[in-house]
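Student: The residues making up each chain are set out below.
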Amino acid sequence: MNDLIQTILTEFQKRFGADVYEFRDESSAIISFENILPAARALRDEFAFNLLTEETAVDYWPKQEPRFHVVYRFRSLDHNLIFGVRVPLNGNAPSMPSLVDVYANANWFERELWDMFGIRFEGHPDLRRLIMPYDWEGHPQRKDYPLGYEEVQFTFNFDEIDLRKPYAQE
Amino acid sequence: MTENIDYTLSPVDLDEIKHLVSERAIQGETVLLNMGPQHPSTHGVLRLLLELDGEQVINCIPDVGFLHTGIEKNMEAKTYIKAEVMTDRLDYLNTVGNNLAYCLALEKLCELDVPPRAQSIRVILTELQRIASHLIWLGTHALDVAAMSIFLYCFREREMIMDILELVSGQRMMTTYIRPGGLWRDVPVEFEEAVRKFIVYFPPRVDEYEDLLTKNPLFMDRTKRIGVLPAEVALQYGITGPMLRASGIAYDLRKTEPYSGYEQYDFQVPTFMEGDTYARYLVRIQEMREALKIVEQALNRMPLGPVRSNNRKYVPPPRSELGTSMEALIHHFKLWTEGFNPPSGSVYTAVESPRGELGVYLESDGGPKPYRVHWRTPSFTNLQVLPYISKGHLVADLVMLIGTVDIVLGDVDR
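Sequences listed follow chains A and B, in order. At position 132 of the first sequence the residue is numbered 132 (my numbering), and the sequence of numbers has no breaks. If you want my numbering, it's the 1-based position in the second sequence plus 170.
Worth flagging that the hints you see were computed from the coordinates, not collected in a lab.
BS3-like cross-link-like pairs, simulated, lysine-lysine; straight-line CA separation at most 25 angstroms:
hint, chain 1, residue 1, chain 2, residue 2
1, B, K367, B, K463
2, B, K483, B, K504
3, B, K394, B, K561
4, B, K248, A, K63
5, B, K243, A, K165
6, B, K504, B, K248
7, B, K463, B, K425
8, B, K248, B, K483
9, B, K248, A, K143
10, B, K561, B, K188
11, B, K539, B, K248
12, B, K539, B, K252
13, B, K243, A, K143
14, B, K243, A, K63
15, A, K143, A, K165
16, B, K539, A, K63
17, B, K539, B, K243
18, B, K539, A, K143
19, B, K504, B, K252
20, A, K143, B, K252
21, A, K63, A, K143
22, B, K483, B, K539
23, B, K483, B, K252
24, B, K504, B, K539
Partial pick of chain B residues on the chain A-facing surface, computed with a CB cut under 10 angstroms:
hint, residue
25, A247
26, I419
27, Y541
Label pairs and their computed distance ranges (CB to CB):
hint, chain 1, residue 1, chain 2, residue 2, range
28, B, E497, A, P146, 35 to 41 angstroms
29, B, E225, A, R129, 28 to 34 angstroms
30, A, D45, B, S211, 38 to 44 angstroms
31, B, W354, A, N90, 41 to 47 angstroms
32, B, D283, A, Y21, 21 to 27 angstroms
33, A, E151, B, Q226, 49 to 55 angstroms
Built from N, CA and C at the ideal position, the CB exists for glycine as well.
Required output: the full structure, derived from the provided sequences and hints.
Tutor: Here you go:
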């Protein structure tokens with residue numbers, strides 16, 4: 001493991017009580033959502049991680065108890081390193097601080113997470129749906145959201161199915 | 171009838187976007203104009219809400235999602251090998267690169283090794299695809315400033331690359347040729363000759379494009395000092411790829427985190443300091459030449475040997491073994507019905523796509539289907555900077571700026 005990564009991991013353990021783990025040479029720290037803003041600031045300002053490479057989420061329903069994990073990946077161009085941070089989030093309507101003030105491109109990542117997972121980001125300047133239509137109901141990437149199962153209409157039963165088909169109401 | 175039409179925005183619409191437009195828009199001093207999603211110069215289905223003062227762009231609010239196909243969700247419902255077919259459809263101008271990113275992630279997760287011949291062929295095809303993608307960009311970008319002939323030339327050359335892809339995989343665009351652990355099959359004998367023909371044919375064509383555009387005063391007027399993106403802003407917005415390199419940061423994943431044997435090849439990372447549309451044009455033109463250099467080196471050094479890993483738990487056996495080996499038949503049956511079960515865990519791999527860093531976050535729960543796939547697509551992050559670079563420019567220049575970001579909407583919306 002790289003020395004700087006080792007330093008960051010010990011620093012994160014000390015400051016934020018992070019759990020650390022390594023898988024396939026990728027080091028990650030698991031921290032709680034209250035600490036994500038100071039952690040991101042520390043990564044950007046102290047350790048020169050100047051890019052937020054990705055921000056995504058994983059839904060562990062119904063298997064695990066902290067239902068969501070928000071996954072961050074920061075990249076440092078100066079040190080040529082990549083570092084992952086995971087934030088477990090409990091409950092069906094979770095919320096956590098937004099990173100827009102630290103990394104500007106968290107804006108759309110977080111809008112997508114709100115759209116797809118229903119995770120609220122406090123302090124986000126523009127938390128609207130990004131990809132789904134603005135009047136969409138539900139959050140499609142959640143594991144309890146079904147994939148498809150729309151009845152297929154043929155000529156002989158088109159009207160019959162059309163009657164009970166849920167259309168967007170005015 | 172005309173007097174009944176109400177042209178003002180309804181209060182609900184205004185509330186939605188109130189925080190995004192300036193105070194002058196609320197008072198009606200500036201005009202809100204909708205551009206797209208069906209507009210020829212938005213390079214796909216991109217909708218922009220523009221706040222205009224005369225012809226000047228005060229605010230630009232991109233609205234994406236018109237090409238959302240639910241690929242990430244769909245991949246969770248398919249086995250690993252079937253899910254790969256969807257990766258072609260993300261960034262439809264860089265299909266080979268998408269396959270490569272997905273396969274690298276899967277190979278990292280399963281710890282599969284790829285034979286050197288397969289790696290060389292992967293490099294040749296991704297670099298050819300990079301040229302093809304830049305050709306589309308150049309053609310449409312020049313078309314935005316009414317340079318019609320460039321468009322036709324670019325598509326003519328691109329067709330040669332499409333023919334090479336068709337030669338190896340049977341498909342022009344959606345190849346799915348790169349598979350976990352190697353390739354679908356070895357390249358046909360005509361492959362080398364076809365690529366060599368292209369290597370000889372292409373450099374004079376790039377010179378021709380440069381003759382038509384690089385010192386063309388009309389083109390320079392429309393691109394120089396338009397959409398200047400300083401390096402610090404680019405980093406803040408997480409910009410990667412040619413856009414970052416045109417802002418003076420020589421960052422290329424092929425150099426910093428070499429994959430598929432890129433460390434063996436000698437090539438430059440073209441970098442310019444200006445950060446304007448013209449610099450981005452120069453970077454991409456240079457990249458086409460560098461990509462061709464890589465293709466030539468990879469072709470010269472292409473070793474002989476197998477093109478697929480021998481790990482039968484993940485990679486199907488060759489067709490010839492099925493008739494004679496019981497074990498091969500069992501593996502074949504298992505792999506094409508149930509699929510394989512990678513160890514549980516999550517990995518992130520990134521490749522340098524023509525637009526920037528294309529990353530795949532792949533999480534497995536130990537089952538035959540991916541638990542979560544997230545595509546960190548370069549167009550998605552790069553498009554976010556459009557409001558910044560378009561501020562204060564004319565609407566006519568906005569068309570150039572959409573072109574210079576080089577977005578592929580399939581890549582943005584996934």
